[in-house]
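2 protein chains.
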Amino acid sequence: MINNKQQRLVIATTQLQNQQIFLTDSQKHYLVKVLRLTKGNRFIAMDGKGSWWLSELAENLTEATIIESIAIKTELPISVTLIIAMPKGNGFEQIISGATELGVTSIIPVNSDRTLLHPSPQKLERWRRIAQESAEQSERQIVPTILDPLDFTTSLEQIINDNTYRYICIARGDIPHLLNSLPTEQLLENTDKITNYQPPSIVIATGPEGGWTPSEIEQAKAAEFQPVSLGKRILRAITAPIVALSLVSSALEAKI
Amino acid sequence: MINNKQQRLVIATTQLQNQQIFLTDSQKHYLVKVLRLTKGNRFIAMDGKGSWWLSELAENLTEATIIESIAIKTELPISVTLIIAMPKGNGFEQIISGATELGVTSIIPVNSDRTLLHPSPQKLERWRRIAQESAEQSERQIVPTILDPLDFTTSLEQIINDNTYRYICIARGDIPHLLNSLPTEQLLENTDKITNYQPPSIVIATGPEGGWTPSEIEQAKAAEFQPVSLGKRILRAITAPIVALSLVSSALEAKI
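Quick note, the sequences are listed as chains A and B, same order.
Residues in the first sequence are numbered consecutively from 1, following UniProt numbering.
Residues in the second sequence are numbered consecutively from 1, following UniProt numbering.
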């Protein structure tokens, strides 16, 4: 059996030749610098079309070898990352449980202008244990990755896949609803005939109590995040990520 | 200012003549027997097209007089009721907060085959206070009604509007996704030209930890509830109602 704590990486099928994966520079950076993998470490490569492979990082750190393919039953078809401003109190544990149940691929806890937390290593360990338990209870194959906390600005730069749909949830203002903004057809199109197909990913950011500051919203827009609404009412910081992920995972699964 | 704790009642515009509302037998039963209103008590009549009226029950208890119309900004266009198996522990308070933030009209806590709770009057009072606080924080105009707990079977009979879309969320099995089952177009169609238009309502039931029993699912089907899925993973009892209401309120608001 695979170790279901493996990290995931989205690859294009063109990167794959004879059971070898040729990593791009940004993928290598992500695996080696962000996830701190080293030679011989394993991760899961996913092609965005439903194929997942257990893979092992080669000695040169720029290639990986496919060990075996993985049968996926309850995972979302594409990678979904949640960037979330860490709330005060214990609310984050609820968010991790709910997001895991909804199929999230990875969670990036961030410090924002309105919240500044420095969780202890024990706290991070606890968060990852909650993700593991929730993954088991919700019958997932894979445990979501919870990254070490980052500054919000830094988190915006963690996107390594060009074909990523990016959203930042905003409480007020006349902006499109997330449900209208998800490109469901593009996400689920039959891609077998497309050469050089880049599988899509989704990244969605939800803010702290009090919301993102105007400066944070501007930074996100500059990083090609689309501002979206989750409805007419003001959601708490612990409700918003669950609502956002409900819409994303339902849009991905309802149409299949 | 209106007292925003008023209960709501869906009426057909044909029931309205010269500022008087002529109640049907089942509406009268609901107001007088279920909600225990008496002459002179006020409620909110909503026509499912965006018009809401503060109304006062007449002495004969079969008519009501319109006091004034109410401007609605952050409420859902139609009535959405959540039937929910009461979970053990404090999870129900989280559900009330989240459901209120998502615009729920009323919540019916039920005892199911797998859960049996008899909340004290103080507990019920606390639940209603949480609904009030969440309504204020999420900037709603109206506080959701939390009914006294019922047996699940009895709750299935509380539907007084013929044009009600009924759903029961089920964790396993090859059943349609809720997002595919919501009749968005019918719910939001332009009804100005339809005579004898019955405004629609939605009722959605989510189960306890361990799920509904087969017998409960059969009872719900007999009461014209449609079994629906919330995705491929198993959701906790406190996550499922938030996911279900996320989809309902987004389907109602995203397309407007």
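The reader is advised that the hints may include incorrect statements.
Identical chains blur together in the list; that is why a pair holds if it fits in one copy or across any two.
Unchecked claim - Simulated crosslink set (DSS-like; lysine-lysine; CA at most 27 Å straight-line): (1) Lys49 - Lys88; (2) Lys232 - Lys123; (3) Lys73 - Lys123; (4) Lys221 - Lys123; (5) Lys28 - Lys232; (6) Lys88 - Lys39; (7) Lys39 - Lys221; (8) Lys39 - Lys232; (9) Lys88 - Lys28; (10) Lys73 - Lys232; (11) Lys49 - Lys232.
To be clear, the hints were calculated from the coordinates, so they are not data collected in a lab.
Every value quoted in this text rests on a predicted model; they were computed, and no experiment measured them.
Verification of the supplied hints:
no.	hint	in the structure
1	Lys49 - Lys88	neither (38 Å within a copy, 40 Å between copies)
2	Lys232 - Lys123	neither (34 Å within a copy, 29 Å between copies)
3	Lys73 - Lys123	neither (31 Å within a copy, 41 Å between copies)
4	Lys221 - Lys123	neither (31 Å within a copy, 45 Å between copies)
5	Lys28 - Lys232	neither (42 Å within a copy, 32 Å between copies)
6	Lys88 - Lys39	neither (38 Å within a copy, 47 Å between copies)
7	Lys39 - Lys221	neither (36 Å within a copy, 56 Å between copies)
8	Lys39 - Lys232	neither (49 Å within a copy, 34 Å between copies)
9	Lys88 - Lys28	neither (34 Å within a copy, 47 Å between copies)
10	Lys73 - Lys232	between (35 Å within a copy, 8 Å between copies)
11	Lys49 - Lys232	between (35 Å within a copy, 17 Å between copies)
Checked against the numbered hints given earlier, this structure breaks hints 1, 2, 3, 4, 5, 6, 7, 8, 9; the rest are met.
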